[in-house]
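Full structure from sequences and hints, please.
Okay, here's what each chain looks like letter by letter:
There are 2 protein chains.
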Amino acid sequence: MKMNKNAVGRMIPETINGKPIIPFKGVGKHRPEGNRHAPKLSTCIDYPTNGDKRVATIKDALVQAGAKDGMTISTHHHFRNGDLVANEVFQACAELGLKDLIWFPSASFPCHAPIIEHLKNGVIHHIEGSMNGALGRFASHGKMRGTGVLRSHGGRYQSVQDGEVHIDIAVIAAPTADPFGNANGVTGSSACGLLGFALADSQYADNVIIVTDNCIPFPCIPWQIQGNYVDYVVEMEQIGIPEKIVSGTTQITKSPDRLFIAELTAKFCEVAGLIRDGFSFQAGAGGTSLSIGIFFGEIMRKLGIKARFARGGSNKYLVELLEEGLVEYILDGQTFDLEGVRSMRDNPRHQNTSPFTSYNYHGKGNFATMLDIVILGATEVDVNFNANVVTHSDGYLLHGIGGWQNCLFGRNVILPIPLFRDRIPVIRDEVTTICGPGELIDIIVTERGIAINPLRQDLIEATKDSGLPIKTIHELKAEAEAICGKAKAAEFEEKIIAAIKWVDGTVIDVVKQVKQS
Amino acid sequence: MKMNKNAVGRMIPETINGKPIIPFKGVGKHRPEGNRHAPKLSTCIDYPTNGDKRVATIKDALVQAGAKDGMTISTHHHFRNGDLVANEVFQACAELGLKDLIWFPSASFPCHAPIIEHLKNGVIHHIEGSMNGALGRFASHGKMRGTGVLRSHGGRYQSVQDGEVHIDIAVIAAPTADPFGNANGVTGSSACGLLGFALADSQYADNVIIVTDNCIPFPCIPWQIQGNYVDYVVEMEQIGIPEKIVSGTTQITKSPDRLFIAELTAKFCEVAGLIRDGFSFQAGAGGTSLSIGIFFGEIMRKLGIKARFARGGSNKYLVELLEEGLVEYILDGQTFDLEGVRSMRDNPRHQNTSPFTSYNYHGKGNFATMLDIVILGATEVDVNFNANVVTHSDGYLLHGIGGWQNCLFGRNVILPIPLFRDRIPVIRDEVTTICGPGELIDIIVTERGIAINPLRQDLIEATKDSGLPIKTIHELKAEAEAICGKAKAAEFEEKIIAAIKWVDGTVIDVVKQVKQS
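If you read the protein sequences in the order shown, they are chains A and B.
Sequential numbering of the first sequence, starting at 1, is according to this note's numbering.
Sequential numbering of the second sequence, starting at 1, is according to this note's numbering.
Please keep in mind that the hints were generated in silico from the structure rather than gathered at the bench.
Please note that the accuracy of each hint is not assured.
The list treats identical chains as one, so a pair stands whether inside a single copy or across any two.
[Unchecked claim] Calculated lysine-lysine pairs in the DSS-like style (CA-CA distance at most 25 Å, straight line):
#1 K40 x K19
#2 K25 x K40
#3 K25 x K254
#4 K29 x K40
#5 K5 x K120
In structure tokens, the structure reads:
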């Protein structure tokens, strides 16, 4: 396979899964050509006039949708580790004798480990989407037939909109729906808040199947997914496990080091003048991010100011800021706890969003660029501020990209990270996998100091006599290495097991099979 | 020009405005081929990262959008007779020296009379959309260069979605918007309730311009129009005249005849068993329709039942039913008074809808088919129950189709109409213009009796010994003619001045130039 070097120096094959790909050209350098994907015209002639699109089972719906070998079948991950639908779908595919399918989830979770059987027995050819935990390990061992393709949430929308990924059948699990297919995530026993990750699927798939355990009479309001895009509705006993839908990630960190990093991050933002009246911020659901949000709240109270909006993943702490009036709006792509679900259901200022509004790079702008402060994580960072979120330093592919790449377009992107994990330095000469180019990453905050990207002279200037522990990234790296020694490079076989897409559909890096000792 | 007879016996030319057309084939007989219109891919590279898309004037926005001779420019009619934007747009086009434009409004009103000057001086070639009042008279006199094309609200969405009409520049007047282009109609001094008629325009036009007189900081919530579809935002001193936006149509009829028709209609629905617990109805904004809604309320109270949903045009009477709990949901395409606006803004059970959800015939079903009772008007009906809503018996084209054709797909379609207007019988051997085929029209209610379509033996059976004045349509016609004499056919020249589209994009009739005496 011929390989080409892309704009961040990584060698990229000419094709992935037999399709030609475009190597990453640099931020803002690739202009898409062509038109949005144009689904076939439908007609009301083919749909029941009483609006009742129900069929008995997922299997029946798959048959009616014309499921065939080699098709691409999509699911969403709003139920996170409590999803009961995706496994059911591929079990039905297996029973129908289907082969060589492509699974196109918006993300996968440990609960999807049964999919490994379908990868082994030929039902599924490969996965395009994050492969967390067991699935990632399976892929990293070179056992998946096709090559995984990882995209950001925005990149997933872009790929469907642009026709790069053609979804034959979309299966959308919905906590509440009506027989016409209108659906939402804010009510019902499996409430997950919203269904934005399934928006592209509903708009562009050839066949759309809603699966619900709470079918109510028309109209299901709000209709986060519109029934006018839906072909079939299936009722199931239970579509998700509520306590696993609301994940365990919304615990404030108890680690003194992480709490220190959180406080230092907040202090940096204050000192650098980023926390102003009407500012905006995004903080994720990890323990450190949660703590930063809480510190932001304290600073706003102290300064007597408020934020115009915050982006979720929402959780009870963010909801408290909203209800206290310190945040005017939450623009939310994913609720992480029941308080988030309740707030989105009841508070018009807690707005559900989608990868289309927030992240799609092939739209007429998106929300991600408008954020003043963005807090993100990373498994590794290199001395040029390039960062990795998908592989560990041992080379294993264990995480998805999520909205991470999309959020890099915020005005001030901060990675609060520990200087080392399990005695392996996080700052390296080169990251194992480049997921985001350094030019978009502004600040690294560690327990031993803060490194500001030299491209951001304004921030360096603003914080120079502040007493904050500002260091160069090389200084931080040297400190870590003095303690732990230099990080070793992971060892790989030649086989490419996954491609990492950039937000514009180009390929920024690939992941290879891990060499097993 | 070669003419072909269509499925309702009308002679249809092979082309309209130089484009081939498909003659109406019968209800549910035309299957669309091909795919939805696919707009060119956009990229965030071309949009400001701070999300501020504002330009100084409409003229600047038109220039930046690349306005050229012959382009199609669209506007919406949520401001009804209080619109200040459409005239401004074409004034700017005139100042730019543009020629031969096509105006594609979702409807036009008497306030748009200044457009006649642009039709005369060559700025506008022709109008595709309703031509009410002065514009209709101008067209009926054969003075418009091109042929008008009238579509239902659903047909307009369908034509844009299908790529039949390509909008080069959409101008969307918005009572509230943010600099990114998110916009709504529920707040601001020009509040009109919603912006659903502009949805197709936002999704499919090459260039989208938001014009607002209430620009607020991002985010504008709710975003009935999504900024991710928007190219430019223009601020204007005033975009609409509030007292004319809320039209004068929401007065209960004071005519004893009309009140009698309204009561008889409601009684028919009760006797025929159409008013059941969980039923649904649509009643328009005319005086008779309003009264029917009030009678429905009385019947529901008496029977101790409630309606699952009602479709608006909403008004204070419908809002009262919602707030009393007699109607569980209002699914609203157009608010007709301030109470409608308030209710849509504050009550989650008052849901804004669009021609996509409600009416699009080339979707995966739509809401219109799910209504139990639909109340509509007509200028004329013939003995085969075919009806006309666009021309008067003198041949003048004076009205648009609105949602009328789309609503014909409801389960029980009732036309409550007077037996004659200005001493001209409303029931005729043939209607001047066929807008809807008789097979879809179930009941005609007049002040002298009720005619049930013979296709509806179930209704004839259900009401036969009810004491209701059930007559044949021929009997009703004879009664009218005994009083007024037979209706004369209008006299026309040969020139076709407008085509009447059916919901599936085929042509059901044409309107010719009126012969002036």
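For each hint, the structure was consulted:
For a Cα distance limit of 25 Å, the shortest separation of K40 from K19 qualifies both inside one copy, at 23 Å, and across copies, at 22 Å. Taking the closest pair of Cα atoms, K25 and K40 come within 25 Å of each other only across two copies (21 Å); inside a single copy the shortest separation is 33 Å, beyond that limit. Taking identical chains as interchangeable, the C-alpha atoms of K25 and K254 are never at most 25 Å apart, the minima being 41 Å within one chain and 71 Å between chains. When the C-alpha separation of K29 and K40 is checked against a cutoff of 25 Å, the pair qualifies only between copies, where the shortest distance is 18 Å, while the shortest distance within a copy is 32 Å.
Taking identical chains as interchangeable, the C-alpha atoms of K5 and K120 are never at most 25 Å apart, the minima being 33 Å within one chain and 61 Å between chains.
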